[in-house]
Structure formats: C-alpha cells, structure tokens
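> This is what each chain is made of:
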Amino acid sequence: MDWRWFCLKTLAHALALLPAALLMHRALSDALGADPVAALTHQTGEWALRLLLLSLAMTPLRLILKQSWPIRFRRLIGLYAFFYASLHFAVYLFLDLGSYWSQIGADILKRPFITVGFTAWLLLLPLAVTSNRWMMRKLKESWQSLHRLVYAIGILAVVHYYWLVKSDVREPLLYAGILALLFAIRLKPRLHSLLASRKAADHGQKPA
Amino acid sequence: MIDYSRIPASEITPEAVYRRRRELIGLGLASPLLAVSGCTEAKAPIAANSGRSGPDGFTASDTLTRFEDITAYNNFYEFGTDKSDPARNAHSLRTKPWTVVIGGEAEITGSVPLEALLKPHTVQDRIYRLRCVEGWSMVIPWQGIPLADLIKRFKPTSKAKYVAFTSLADRSQMPGMAYNSIPWPYREGLRMDEAMNPLTLLATGLYGKPMPNQNGAPVRLVVPWKYGFKSIKSIVRIDFTEQMPKTSWNMLQPEEYGFYSNVNPAVDHPRWSQASERRIAGSDNKLFANRIATLPFNGYAAQVASLYRGMDLRKWF
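The listed protein sequences correspond, in order, to chains A and B.
With my numbering, letter number 8 in the first sequence gets 14, and the count goes up by one each step, no holes.
With my numbering, letter number 182 in the second sequence gets 211, and the count goes up by one each step, no holes.
Hints listed in this document are in silico derivations from the structure and should not be mistaken for laboratory results.
Among the hints, erroneous ones may be present.
Label-pair ranges, simulated between beta-carbon atoms [as the list claims (entries may be wrong)]:
hint: 1; chain 1: B; residue 1: Glu285; chain 2: A; residue 2: Arg32; range: 30 to 38 Å
hint: 2; chain 1: A; residue 1: Leu71; chain 2: B; residue 2: Arg200; range: 58 to 66 Å
hint: 3; chain 1: A; residue 1: His19; chain 2: B; residue 2: Arg200; range: 26 to 34 Å
hint: 4; chain 1: A; residue 1: Trp11; chain 2: B; residue 2: Ala295; range: 23 to 31 Å
hint: 5; chain 1: A; residue 1: Ala20; chain 2: B; residue 2: Ser201; range: 20 to 28 Å
hint: 6; chain 1: B; residue 1: Val130; chain 2: A; residue 2: Ala112; range: 39 to 47 Å
hint: 7; chain 1: B; residue 1: Arg123; chain 2: A; residue 2: Lys15; range: 17 to 25 Å
hint: 8; chain 1: B; residue 1: Asp178; chain 2: A; residue 2: Leu179; range: 40 to 48 Å
hint: 9; chain 1: A; residue 1: Arg139; chain 2: B; residue 2: Ala295; range: 51 to 59 Å
hint: 10; chain 1: A; residue 1: Trp149; chain 2: B; residue 2: Pro204; range: 47 to 55 Å
hint: 11; chain 1: A; residue 1: Ala37; chain 2: B; residue 2: Arg343; range: 27 to 35 Å
hint: 12; chain 1: A; residue 1: Arg32; chain 2: B; residue 2: Ala322; range: 48 to 56 Å
hint: 13; chain 1: B; residue 1: Pro227; chain 2: A; residue 2: Val175; range: 37 to 45 Å
hint: 14; chain 1: A; residue 1: Leu179; chain 2: B; residue 2: Ser201; range: 51 to 59 Å
Since the structure is predicted, the reported quantities are computational estimates derived from the model, not experimental observations.
All C-beta atoms, glycine included, are put in the ideal place defined by N, C-alpha and C.
Can you build the whole structure from these sequences, using the hints too?
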C-alpha cells in the first residue's frame, strides 16, 4: 500500500469515527437534550443506517465512475456500519433498558420493529467476522454468497426505522428511496445484459 | 384572570424556590439529610416512581423536571414532528387575542374571549406527573383552573356525555402543518365524568410563568392519568357531545391508540412496552438514570380508578 492510500484510509477511519466521538462528547457533557438516551439511540441507529447505505453505494459508484477505487473502501465502511449498529444495540440494552433487562426478551419477540432491528444486527455479525482476507480465502465462493446478506440487512434496517416512527415517515422513506436506487443501479447492467442476450437469441431464431 | 404581563418579574416564583417549595410543603418524603443540608432535591438521584401524592393528587413528591427540559422537548406536531421543532418554531403562534368557542349540548354556548373564560376562576397550582406514550415522563408544576369549574358555568344538558376539544389549526402560524402528519385540526376528548374529575386541569402556565408557546399556549388541557397526547394544546373549541368524539391519534392508528388511553403498564402499545419509563427530571445527566416502573393510572389510581369500575381496561385501552 503506498502512502496515498494510507492517508486516504486514515482519513476514512477518522471520518467514520467522527460522529461517535461527537456523540460521546455531547453525551458526557449533557448536551443531548432532555432525553439523552433516546437521542443517543436514535443517532447511533441513524449513523449505522447511513454507513450501511454508503457501503452499499460503493459497487454502484464503481459502475458509474468505471473506476475500482470505491471497492477498496467498502469493507471499511461496512465494518463501521456494524460498529454503529452495535453501539445502537448497546445503548438500547445498557443505557435504555438498564435494570429492566427482563423486558428485552419480550421486546424482541413481541415488538415487530425490534424483532426486525435485532435480526438485522444478528445478520451483520457473520459479515463482520468474515470481513478479512483470511476468511475470504477460506470461504472461497461461499464468501460472496454470504455477503449478499447485506441486501436483506439493508431492507430490514429501513423497515426497522419505518415501523418505529409514529406518523412522520418522511425520513424512513428517504432511506428506503436511497436503498431502492442503489439496488436499481446494481440491477441495471444485469438487466441490460439479460435484454441483450434475449435480443441476440431472438435474432438467432429469425429465419435468414 | 391573572394578567401575567402586569406581574413584576420579582413576583414570579423562581425555579429554585419552586423546588424548595416541595420541602416546605413537607410531604416528608425527601431525605431529611438533604433538607437539613439545604440541597435542592433536583440534585438528588431520581428515585423510583413514587406515585406518592397528597390525598387529592394535586402535588407529587417526585423530583421536578427542569423548566428548560419541559420547554425544549415537546410533541406539538403543528410546529414540526421533531421534539426540538416546537421550541424552535412556536414563536410564530399568536396567543393574543384568543377566543374559545363553547358549543354543543349546553345551555350557554358561544365564542368567549380567553380573559372572560378564565376570569371568574382562581388559578391553582398543581404538580403532576406527565407520562408520554413513547415511554418517557416528566414532573411538571402547572398553573390552571379545574376544568370542572369551567364546565359548570356553561350548564351542559343531560345529553352532554362527552367533552370534545379542538386545537388551533392555522397554517400561517403553524409551519409544521405543511406536512399532514395528523389530519388537522388536532382533536381530543374526555368522557364527562373524566372532564369533571378534580385532577383535570385547564392549564394556563407552568413554573409560575405564562404557558410557553411550545407547551400549548395560551390554554391547554392536562389529564395526568392519561398518556400525554390526551392533554391537547392551544385549545380553540370545547364542545359538549352526546356521542364519543373523534380523537386524532385514534383516527390515525385505532389499534394503537384508544379513546381512553389511560396510563396502564399492563396494556402494551403494540410497538413498545408500557411497563416502564425514562423519567426526565432533575439536573443530573440523565444518561445513566435508570428506568422506573410505570404505575397504573400514572400513580393516580386512588383518584380515578373508580371512574372505570367494571370496565375491561384491555378492551377500553
């Protein structure tokens, strides 16, 4: 790795950690408002979702720019999405539920939005654990199929947010829109090649 | 009617005195050591939901919520759906002049200027717990008049079984209305016996100050044993009705919000538990404050449980 990549990666780490550092500072200096636990839960969750969508944006970005560098940031961003999702879960578990841990089982089973959010976090676990070269080599082709789970996680995360809000669905819908757009960009070339091969097949069938 | 603008600032009870006042009232629940050392109880850790009140429920022994928290963390969707939006946007609300229309099944009806509406009544102090359906709660020192006293003046007829309330809905003053988060205007309602209960307050101020705009100026309802959304803000209409009135959150999501919406830890909201709450009170960082148990009727069972005798509260949530 040359020094430019080193600088860029360092910068990416710093940028990804910045929200956490700011949140930590605001939390400890009592600057998160009247209900700091709710604010911290919301903010960590939102950053997890943003970084998850950003990691999903790297492949479309490569397709659009026709350059490979976005892919080199994908793992880093994905791991930070997991980091914020874990913070989100930890805040809910330790700061919000606190001494009411008996509530956690009922919450996960009975509240659809928590079931969905918890599932998303659980599915992120194997992806985080296998996000290294050694596991990539070891798992070979199955690594790719395992990491396709991220599409399902993206959908679960957006649904988790959508089901949480009481009536103002604008923000969750914005994230849903971004996710749909990212999926569409990925599917477009496949759709094109599919259409092209159909066309070719049609031409082939026509009598000369 | 108190004209707050004519009261010199020195006459308005400062917050610190308000806090000490509870010691003076001497419910005897605060630690005697703290009282001796002169600490305000706002510094004391938030105790479990005491649920303790005077026999009438008019005061609570719980640690008070700070004025700055009460006025910065609001659900008032007419000014935006984020809880910090009302404090930012509600300055555009014009509270003078203000009229309230009294209508429906009553001998006296019509449009009444707010001053005339409140004038015959003495403003009273109440310290009530307020439990939001979202799972947080506050303890607020309100000023206001018992709704019952006001209702009696308008002589509701025997047909008046319910009281319906309507909030102001004016797009020119309320920027949050640009987005239809709720079918405007905001509507709430009470059964007549609930409206007549001595706890039910028509509030005009808090912490000895005129009602801040973001808290529902100039006049709002406070029903301490029900989830916060029942305590409708900035009231412009009060109607006596024979039928159960339509209420906003019930219209929006009937399976999640019932007409009664009494605080009940045994009946969960479909999307979250109602067994416990985050208490927003005191001046310590609430980051590490423990949840506290939610009490039936928000701790006012002694005063209101009899209103619902024989009713299945799981069905009538």
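> For every hint, state whether the structure bears it out.
Hints, verified against the model:
no.	hint	verdict
1	Glu285(B) x Arg32(A): 30 to 38 Å	32 Å, holds
2	Leu71(A) x Arg200(B): 58 to 66 Å	44 Å, violated
3	His19(A) x Arg200(B): 26 to 34 Å	47 Å, violated
4	Trp11(A) x Ala295(B): 23 to 31 Å	59 Å, violated
5	Ala20(A) x Ser201(B): 20 to 28 Å	46 Å, violated
6	Val130(B) x Ala112(A): 39 to 47 Å	45 Å, holds
7	Arg123(B) x Lys15(A): 17 to 25 Å	56 Å, violated
8	Asp178(B) x Leu179(A): 40 to 48 Å	46 Å, holds
9	Arg139(A) x Ala295(B): 51 to 59 Å	53 Å, holds
10	Trp149(A) x Pro204(B): 47 to 55 Å	51 Å, holds
11	Ala37(A) x Arg343(B): 27 to 35 Å	41 Å, violated
12	Arg32(A) x Ala322(B): 48 to 56 Å	29 Å, violated
13	Pro227(B) x Val175(A): 37 to 45 Å	40 Å, holds
14	Leu179(A) x Ser201(B): 51 to 59 Å	27 Å, violated
Against the hints set out earlier in the document, violations occur for numbers 2, 3, 4, 5, 7, 11, 12, 14.
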